[in-house]
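Number of protein chains: 2
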Amino acid sequence: MEIKRIAKETTKVMISYLTYQAVRTVINQLGETNKPLGFWLHNFSTSERIKDGEAYLNDLLEEHQELAFRIMTVREHLAEEVTEYLPEMVCTGIKQANIETRCRHLERMTQVSTAASDANDSEIFAEDEDDTPDDIPAE
Amino acid sequence: MEIKRIAKETTKVMISYLTYQAVRTVINQLGETNKPLGFWLHNFSTSERIKDGEAYLNDLLEEHQELAFRIMTVREHLAEEVTEYLPEMVCTGIKQANIETRCRHLERMTQVSTAASDANDSEIFAEDEDDTPDDIPAE
Numbered sequence: 232m233e234i235k236r237i238a239k240e241t242t243k244v245m246i247s248y249l250t251y252q253a254v255r256t257v258i259n260q261l262g263e264t265n266k267p268l269g270f271w272l273h274n275f276s277t278s279e280r281i282k283d284g285e286a287y288l289n290d291l292l293e294e295h296q297e298l299a300f301r302i303m304t305v306r307e308h309l310a311e312e313v314t315e316y317l318p319e320m321v322c323t324g325i326k327q328a329n330i331e332t333r334c335r336h337l338e339r340m341t342q343v344s345t346a347a348s349d350a351n352d353s354e355i356f357a358e359d360e361d362d363t364p365d366d367i368p369a370e
Numbered sequence: 232m233e234i235k236r237i238a239k240e241t242t243k244v245m246i247s248y249l250t251y252q253a254v255r256t257v258i259n260q261l262g263e264t265n266k267p268l269g270f271w272l273h274n275f276s277t278s279e280r281i282k283d284g285e286a287y288l289n290d291l292l293e294e295h296q297e298l299a300f301r302i303m304t305v306r307e308h309l310a311e312e313v314t315e316y317l318p319e320m321v322c323t324g325i326k327q328a329n330i331e332t333r334c335r336h337l338e339r340m341t342q343v344s345t346a347a348s349d350a351n352d353s354e355i356f357a358e359d360e361d362d363t364p365d366d367i368p369a370e
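Protein chains in written order, with the working numbering: chain A, 232 to 370; chain B, 232 to 370.
Don't take each hint at face value.
Given that identical chains are not distinguished, each listed pair holds provided it fits within a single copy or across any two copies.
[What the hints assert, rightly or not] Quick list of in silico lysine to aspartate or glutamate cross-link-like pairs, EDC-like style, CA-CA up to 16 Å:
| id | residue 1 | residue 2 |
| --- | --- | --- |
| 1 | K243 | E307 |
| 2 | K243 | E285 |
| 3 | K235 | E319 |
Everything labelled a hint here was simulated from the structure, so no lab data went into it.
Construct the entire structure; sequences and hints are all you get.
Next up, the structure:
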């Protein structure tokens, strides 16, 4: 039940994010074919407005229907191209990030404990020097 | 090339979002098993802090190592459970959202044009009344 809710919410976030990426793609394309329109779309697409992809598209439809339709087509295309790689990339990415975070933490902990025990180290090593293993052959 | 960049950026956003969902899950679990700790984690996990999942986990590791490890385990589990449904849910979701947005826009356009042409409608219908089809049998 919880997984179902999280899957639904994640889907919503993904759709909004791919809408944002579609807007960026169209702005880049317009930068090469129609600079003034690209500039207009850039100014229209404030981060505040683009937060909610659907509301953004509804606003844009009022102002420039053709651009809104174009962004809708691009986001559909992006979804088809990008999502198939996501399951593996996200799972691997999280596993990798977890390992790196654990390693960094372990390094920090080791440095802290090394610094803290520096004062005692000489005594320990002094004892260690006497503690030669008995099972090493004399020759 | 562009698709590869977008896939990478989307993966990063997804990982951060699943970290947020893992935090919510752990806060909910603690609400039933250890309310004071749940309250502490809730206060620690400000939206500003949680924006960057990795930075958040590094901060939490300094404050409460056990909770950080737990959240890392939960986000790994969530990724495995949730991502397999995402490609279909996102593609279908975007197609559905596009259709609904187009329909709403069409409805608005029709209402606007209906309102604008209301004045002319009576004349058009008056002409229509005379324009009876010739191929309807008399009986």
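Original post:
What hints, given by number in increasing order, does this structure fail?
Top reply: none
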